[in-house]
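Novice: Sequence:
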Amino acid sequence: MTSPMSARDLAKKRVTVMLLGGIAGVAAGLAGIYGIGMVMRNPAVPQACQPAAQLAQKLQPLARGEVAALAPAKSPIQVTDLAFRDASGQDRKLADWNGKTVLLNLWATWCAPCKKEMPALDELQKKLGGTDFEVVAVNIDTRDPEKAKTWLKDNGITSLAYYADPTARIFQVLKEKGRAFGMPTTLLVDKNGCEVATLAGPAEWASGDAVKFIQTALGK
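Heads up, the sequence shown is in UniProt numbering, so the first residue is 1 and it goes up one at a time.
For the record, the hints were derived by calculation from the structure and aren't laboratory data.
Computed from a predicted model, the values in this text were never measured in an experiment.
One should not assume that every hint holds.
[Stated by the list, open to error] For lysine-lysine, the following DSS-like pairs were computed, each having C-alpha atoms within a straight-line distance of at most 27 Å:
id: 1; residue 1: 175; residue 2: 93
id: 2; residue 1: 74; residue 2: 149
id: 3; residue 1: 147; residue 2: 191
id: 4; residue 1: 147; residue 2: 115
id: 5; residue 1: 93; residue 2: 191
id: 6; residue 1: 212; residue 2: 126
id: 7; residue 1: 126; residue 2: 149
Could you put together the complete structure from these sequences and hints?
Specialist: Structure below.
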């Protein structure tokens, strides 16, 4: 026969077990809800772009000053299939630059902010351009492709190679991917063809802030 004291102790133990079980259930439910939310907010990054995601995180503190609007990618996408033409009219894809870090810039002669930042992009190419880095400025004028070439020549832009997409499809593709909202649009792309950072709008690309950002991306 159980004593009155033992009965009370047993009742307390049962209540404690029930409470702990309830708390565990609530915690598991919340974990499930927040787990689903995390998956939705952070889609899986392609394996090839895992290094880009890590680099973007490293670069986050350097997005300041003249490049404060530069947004390091939280979920980098691969952009190797972006297509355009070179000065000779030959079809090119960004995949042609695999192994090299690229600052991809979309510009047009009808875009005043685009033209304003072009000398700085030209200067950036002079400073950092080489076997491991290139500024790839793609003109998207859909009429009179010679107009862009003339503008570059008249404004002393000599370090940038000429690239163009007269269909402006490259802009539409990036827009569909949520990476282009207006002009100019600029993406820093790593040697695997993965987005590292994106900027909607112009920047002082020859500034110390921009140079430091890109040099760090290059591991310098």
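Novice: Indicate, hint by hint, whether the structure satisfies it.
Specialist: Cross-check of the supplied hints:
no., hint, result
1, 175 - 93, "holds (17 Å)"
2, 74 - 149, "violated (36 Å)"
3, 147 - 191, "violated (32 Å)"
4, 147 - 115, "holds (13 Å)"
5, 93 - 191, "holds (14 Å)"
6, 212 - 126, "holds (15 Å)"
7, 126 - 149, "holds (19 Å)"
Violated hints, in rising order: 2 and 3; the structure is consistent with all others.
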